[in-house]
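Engineer: Construct all of the structure, not just a fragment, from the sequences and the given hints.
One-letter residues, chain by chain:
Protein chains: 2
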Amino acid sequence: MQTLFKPKLNHVDITSKFWSHYQQLVVKEVLPYQWSVMNDEASVDISEDPQNNGINKNSHAIANLKIAAGQQKGHHYGFPFQDTDVYKWLEAAAYSFSYQPNNDLKTITDTLVSLIADAQEDNGYLSTLFQIDEPQRKFKRLQQSHELYTMGHYIEAGVAYYQVTGSGKALTIATKMADCICRNFGADPDQIHGYDGHPEIELALVKLYEVTNDQRYLDMAHYFLVERGTDPDFFDKQNIADGLERDLIPNMRDMPRTYYQADKPIKDQQTAEGHAVRVVYLCTGMASVALYTHDQTLLDACHRFWNDIVKRRMYITGNIGSTTTGESLTYDYDLPNDTMYGETCASVGMAFFAKKMLQLESKGEYADILEKELFNGSLSGMSLDGKHFFYVNPLEADPKASALNPGKSHVLTHRADWFGCACCPANLARLITSLSDYLYTEKDNTILAHQFIANKAAFNNKVSINQKSDFPWSGDVLFEITNPENCEFRFGIRIPQWSLGNYQLSINGHLASISIDDGFVYIPVNESKMTITLSLDMSVKFMAASNRIVADQNKIAVQRGPVIYCAEEADNHTSQLGLYHVSPKANVLVKKEPTLLNGVTTLDVSAQEEELTNADDNPYQPLTSEKTIPANLRLIPYYAWANRTEGAMRVWLNR
Amino acid sequence: MQTLFKPKLNHVDITSKFWSHYQQLVVKEVLPYQWSVMNDEASVDISEDPQNNGINKNSHAIANLKIAAGQQKGHHYGFPFQDTDVYKWLEAAAYSFSYQPNNDLKTITDTLVSLIADAQEDNGYLSTLFQIDEPQRKFKRLQQSHELYTMGHYIEAGVAYYQVTGSGKALTIATKMADCICRNFGADPDQIHGYDGHPEIELALVKLYEVTNDQRYLDMAHYFLVERGTDPDFFDKQNIADGLERDLIPNMRDMPRTYYQADKPIKDQQTAEGHAVRVVYLCTGMASVALYTHDQTLLDACHRFWNDIVKRRMYITGNIGSTTTGESLTYDYDLPNDTMYGETCASVGMAFFAKKMLQLESKGEYADILEKELFNGSLSGMSLDGKHFFYVNPLEADPKASALNPGKSHVLTHRADWFGCACCPANLARLITSLSDYLYTEKDNTILAHQFIANKAAFNNKVSINQKSDFPWSGDVLFEITNPENCEFRFGIRIPQWSLGNYQLSINGHLASISIDDGFVYIPVNESKMTITLSLDMSVKFMAASNRIVADQNKIAVQRGPVIYCAEEADNHTSQLGLYHVSPKANVLVKKEPTLLNGVTTLDVSAQEEELTNADDNPYQPLTSEKTIPANLRLIPYYAWANRTEGAMRVWLNR
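Just so you know, the protein sequences line up as chains R and B, in that order.
Heads up: the first sequence is residues 1 to 655, going by this note's numbering.
Heads up: the second sequence is residues 1 to 655, going by this note's numbering.
What the hints contain is simulated information worked out from the structure, not anything from laboratory work.
Note that this is a predicted model, so its numbers are computed, not measured.
One should not assume that every hint holds.
[What the hints assert, rightly or not] A partial selection of chain R residues facing chain B, derived with a Cβ cut-off under 7 angstroms:
#, residue
1, Asp-334
2, Leu-404
3, Asn-405
4, Gly-407
5, Ser-535
6, Ser-539
7, Val-540
8, Met-543
9, Ala-544
10, Ser-546
11, Asn-547
12, Thr-613
13, Pro-619
14, Asn-643
[What the hints assert, rightly or not] Residues of chain B clear of chain R, computed beta-carbon distances all greater than 10 angstroms:
#, residue
15, Pro-135
16, Phe-139
17, Thr-212
18, Ala-241
19, Asp-300
20, Arg-312
21, Asp-334
22, Thr-339
23, Lys-363
24, Asn-405
25, Phe-542
26, Glu-610
27, Asn-618
For each residue, glycine too, the CB sits at the ideal point set by N, CA and C.
Structural biologist: Encoded structure:
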């Protein structure tokens, strides 16, 4: 007998060797390390922060909360949003309990939740800078205060902690915050007709709505989005009233309104402008709200911004942000590889955005980008030891250039201990520990399996899926579906863009030919057991960029499966990686290296290497044919660069 | 009867059509325009200065002098070195009288000299900022004050004015200044053991020594060079004593000591570091002093810095300065084309340096670089109308990039009316009006004719040389030597690096084969009349850069004679100049265009143009062979770009 099936995911266990390693790394190394940093117990060097703005001491993040809670004396230290380091860490820890229960850590996080509750004001307000040192300025300088951004991050953490541990206390802090915000902001005459300088609260309020079903939170999120930019002078008026010279963050007042996505109403914003992280958080908020309100103007904006970013403003690694000035997007096809920004947080935010778009629409392109971010642009933000981090992710770097050309001084060629503005490390940690939420999208009677990260997933009605793969190194994926109650549902499997036209699908051992619908093949399921195998195209691809991207003209990038490769000085004998010329017809040796860089597949590409010109020669001479010698150029996955001897790296190779 | 000849140049008239035009342009347009600007009588927009440091009003330069002279009330306005705009203008005007006597202008300049004399203190000091507003801080913050730099520029102007007009008044101002400096600086215990933050006074004092024969001025110049950097804390100590927070120019205190070439003694400085203009002024000063003192450590430093700049840190156009941060040199072979600086003043200064090196050593390479600067890097600093100027000279530019990528905001794609820091316009003007001093170098019984700019030159003993050419458009050069007293001397003619191995020399109608000695062929002269013809290689050269220069890998530049060419959007139908691919074997149509851009020779290069990719496509795709169509890429001389519709430009073309 068949029962009607509406998928509701109960639990996903990541079994992927690749990602289990990272999930364990976060538990074993990243969370303890970050906790010690936030408690000022780690010896770290934060001098290399590209945006430190004079913040050059330890974190003080826990101390700020203790001072606000009255447990300690002192002043606030750090950025106005210093609290968020703690909240993102708490969120990451919460997710980790779902795959790695940990009593010791739980004791710490329970105590932390109590500390946060103690720090929170009775009216729900919580932002330690303002409680400790600027009590008269609450909600008075939203361009720079990050108060809603900060509370948004707590709300995300509180919801996660509640969902995983059932902690009512953690949820109550969140609802008290949200209630405080709902009282203070809105269209009523006595409310603030405004919004935060840094989008975040919008997506957080929707998460809170999802667990509480309290319509006010969804409405509040919607209000912030619709209100944004309607009075382009809003921030300026607040700044003037608060006192122009009293900036909370130096130079923030000078950023253009587009930096804050507040120059005009979102419905009129045609392109994705300004600070890259703000943009993707805003987009995630818009998609989150649109999912429930079906507000077409928000959905349209999601599409506009998605296309603008993905088709015209994104690096092949998924990184975004072409300039260090304001950590911002610039303009279509302006994608310099050596002076770029490519903030880790912006890639993490793109993963959030992609996930939400998948919930809205079953289109493979969203999952393609999610995959790109997971295996490239965001993962490169952390070292293999879990204790060093990139804020900026360049596609071409050279330690000499970073040291001696000030236009590249923001580009590190080694991951740093920590940052004064420490947004990235915990952001990546929470993405990794919540990875199981990013593998399936459920809608009506359809399950979309859009990532090939091995896992065991349990759905309602006793349906379970055991997905086996050695992805991203192998493209062979096995889905074992167990459906004891013979439910009827559609199982959608993504055919990645990089495998279109070259894949093989078998159902119960029989080759299947199913037409692709917006990036997915849909398989009707009603048997009690079903085996699906998918073989993806793992051949090495020589990629070209649109010739509208000046920086990549005459260049080749190398991709295998979802993984973008790079050449690193550590594997090749020179910092002059531009001397290697790779032909589109080059031979490639694909090699599994189980001990290298925690286990990677390397590519040895046959290349021609130019002889380095004589240093004493006239640097400009009539062209003669170059002297080249056959050479081997070894490539490693981009995410794994800068884990050995510091040196040069480049993704785009000369042809 | 033959007499012994020691050449002493009396007069050179530029007859070159190309340069006469510029010399006349300076008289007719540039000098009147700049005079009106300095008198705040021109309507100019100075908002586009890449280094305006908040200086956003009119020049006020003449007003500052009038206030210092007690002729007007008010405060100083502008940079500490604002006076130098006036002095460089006066110097340019002085030189112009040697080819274009001008009573109206002479009335103005005589009055100006009187004003300067009135502004000068009795003790010789003259720097209007300090006289008007900071009388207690004279010589107390030399890192930033530019007092010696400012007086150096007057000394240059005063010497020039004296040499051309015989004005004793102008010279006396200069000697009073120099005496003031000699009293205040030196090794005595009561003197300042220091030097200016911006080298300039050194080369100026040598010019004064040359007209006065006063050894104290040469010694003072030598002292400044030897003292420089011996106490690396000198500037810091002065800043502290003067009050750290009282910076004369914002952020100057934060620049590294290498910015000022003051981190160590010059003899220990191995590479050319820091602010490009400071470096080349310092080099010119070192070469100027070495010419008379034969100080080997200074000569060695000249060679080190020359090689470092010319072989490893110079663009093919002769521009130097790879970063806008501190308008500075960066490191060997770091020569990005689109984020660079390439200040006009730095190219003008390289011409000064090259001229001095030629006086020290008869090597063609110095004259090669002088020629490169004249026809490319410095000349590009001025528009064809003489009223618009480049501070920054990029080799690749796009109005969109300059507008929307903050890392390129310093790169203008149109010449500006004027600058808050207006060093470049008058610097170029004085180079052009003194061009006749740059064509010959005399030593012992040798005349070096190292430039091919047509002129009539008169030497002592009635020797005259009529050099005829249509250079740089034609490579046919005729030297008619008249030597009525049958003096014996050597006539050295440079064979340019770009014509080595392909030139023809005829003496009195007979082909001559003379071996090249360090870039020159030497012809013994003792006849009363002699005709020498030289045919240089004017074929179009496809140039490659050293493959150590990452930015130019896989690229081609086009040169004909000394002129570097560029592709400009105005001639080609797209801003996407990177779509054109030029093969080293491309056909080129060389075309004289008498009406285009004041008369230029254009190059029509057969190229392949890629079809622009579809804007809606995925920007990264597996490589397929590009669709290209045969196309014509029109090139114009680099110096003439940005004189028509604003648009994209590039020197280095894709192969």
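Engineer: Taking the numbered hints from earlier one at a time, note which ones the structure violates and give those numbers from smallest to largest.
Structural biologist: Going through the list in order, the structure violates hints 5, 6, 7, 14, 20, 21, 22, 24, 25, 26 and 27 and respects the others.
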